Amino acid sequence: SQQGEEDPQALSIQEGENATMNCSYKTSINNLQWYRQNSGRGLVHLILIRSNEREKHSGRLRVTLDTSKKSSSLLITASRAADTASYFCATSGSRLTFGEGTQLTVNP
Amino acid sequence: DAGITQSPRHKVTETGTPVTLRCHQTENHRYMYWYRQDPGHGLRLIHYSYGVKDTDKGEVSDGYSVSRSKTEDFLLTLESATSSQTSVYFCAIRDRAFYEQYFGPGTRLTVT
Numbered sequence: 058s059q060q061g062e063e064d065p066q067a068l069s070i071q072e073g074e075n076a077t078m079n080c081s082y083k084t085s086i087n088n089l090q091w092y093r094q095n096s097g098r099g100l101v102h103l104i105l106i107r108s109n110e111r112e113k114h115s116g117r118l119r120v121t122l123d124t125s126k127k128s129s130s131l132l133i134t135a136s137r138a139a140d141t142a143s144y145f146c147a148t149s150g151s152r153l154t155f156g157e158g159t160q161l162t163v164n165p
Numbered sequence: 010d011a012g013i014t015q016s017p018r019h020k021v022t023e024t025g026t027p028v029t030l031r032c033h034q035t036e037n038h039r040y041m042y043w044y045r046q047d048p049g050h051g052l053r054l055i056h057y058s059y060g061v062k063d064t065d066k067g068e069v070s071d072g073y074s075v076s077r078s079k080t081e082d083f084l085l086t087l088e089s090a091t092s093s094q095t096s097v098y099f100c101a102i103r104d105r106a107f108y109e110q111y112f113g114p115g116t117r118l119t120v121t
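Protein sequences, first through last, are from chains A and B. Just so you know, the first sequence maps onto residues 58 to 165 in my numbering. Just so you know, the second sequence maps onto residues 10 to 121 in my numbering.
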């Protein structure tokens, strides 16, 4: 069974808008990671947040983690058409477990 | 793609035939993983390796076997391919436990 579940399953926005994706998980974790996958390509690691961290930034990405609610969010600010991709959260316990992803479409 | 290659990139095979997919890394990472990706299921772990000749099963290991005789190579074998094994297969590597994984470009396998 999948540990992480992303919400929404699909998101369509205009260039320049912010995109927020959420991830919920069920058991305790060591860290939580976000990955991006462009169509027909492998996954690319975006950011890792440890269980004792609450927020982390990387460029236009902002990730939050609430371990009491077992949830995380990924915010992409000032989105670009090139951000169009699927985004996956992955929880790291003994293994890395992926959710089913959010398909983000950024319209020019 | 972080020094990871997969071969072949595409393969069409018939039901009942054996198939071997290869993952090769140049990063000297200890951990290697095989996943399959299917619509509606996300990425699911098939097998993984934590060192040469050290492997373990993932959540969907039935019908698959693996071998790792060298640090750089991790082979995934479908003993007798079935249509349910039509999928995109990704290899990934990781340097240390609990750190990020780096993915290969994937192999699209079609079993007819």
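No lab work stands behind these hints, which were simulated from the structure alone. Only a predicted model underlies this, so the values are computations on that prediction, with no experimental measurement involved. Backbone N, C-alpha and C fix where the C-beta goes; we use that ideal spot for every residue, glycine too. Some clues are possibly wrong.
Computed footprint of chain B on chain A, listed as stretches where at least three residues anywhere in the stretch have a Cβ under 8 Å from a Cβ of chain B [stated by the list, open to error]: (1) 70-80; (2) 152-161.
As a list, the in silico DMTMM-like pairs of lysine to aspartate or glutamate whose alpha-carbon atoms are at most 25 Å apart [claimed, not checked]: (3) Lys127/A / Glu68/B; (4) Lys62/B / Glu23/B; (5) Lys62/B / Asp47/B; (6) Lys83/A / Glu72/A; (7) Lys113/A / Asp64/A; (8) Lys83/A / Glu110/A; (9) Lys127/A / Glu157/A; (10) Lys126/A / Glu62/A; (11) Lys66/B / Glu62/A; (12) Lys62/B / Glu81/B; (13) Lys126/A / Glu110/A; (14) Lys66/B / Glu112/A; (15) Lys20/B / Asp47/B; (16) Lys62/B / Glu36/B; (17) Lys83/A / Glu36/B; (18) Lys126/A / Glu157/A; (19) Lys113/A / Asp104/B; (20) Lys79/B / Asp63/B; (21) Lys83/A / Asp65/B; (22) Lys83/A / Glu88/B; (23) Lys127/A / Glu72/A.
Each hint tested on the structure:
no.	hint	in the structure
1	70-80	violated (count 0)
2	152-161	holds (count 7)
3	Lys127/A / Glu68/B	holds (22 Å)
4	Lys62/B / Glu23/B	violated (29 Å)
5	Lys62/B / Asp47/B	violated (28 Å)
6	Lys83/A / Glu72/A	violated (33 Å)
7	Lys113/A / Asp64/A	holds (20 Å)
8	Lys83/A / Glu110/A	holds (18 Å)
9	Lys127/A / Glu157/A	holds (17 Å)
10	Lys126/A / Glu62/A	holds (13 Å)
11	Lys66/B / Glu62/A	holds (23 Å)
12	Lys62/B / Glu81/B	holds (12 Å)
13	Lys126/A / Glu110/A	holds (14 Å)
14	Lys66/B / Glu112/A	violated (34 Å)
15	Lys20/B / Asp47/B	holds (16 Å)
16	Lys62/B / Glu36/B	holds (18 Å)
17	Lys83/A / Glu36/B	violated (33 Å)
18	Lys126/A / Glu157/A	holds (20 Å)
19	Lys113/A / Asp104/B	holds (22 Å)
20	Lys79/B / Asp63/B	holds (11 Å)
21	Lys83/A / Asp65/B	holds (23 Å)
22	Lys83/A / Glu88/B	violated (34 Å)
23	Lys127/A / Glu72/A	violated (30 Å)
Of the hints listed earlier, those the structure fails to meet are numbers 1, 4, 5, 6, 14, 17, 22, 23, in rising order.
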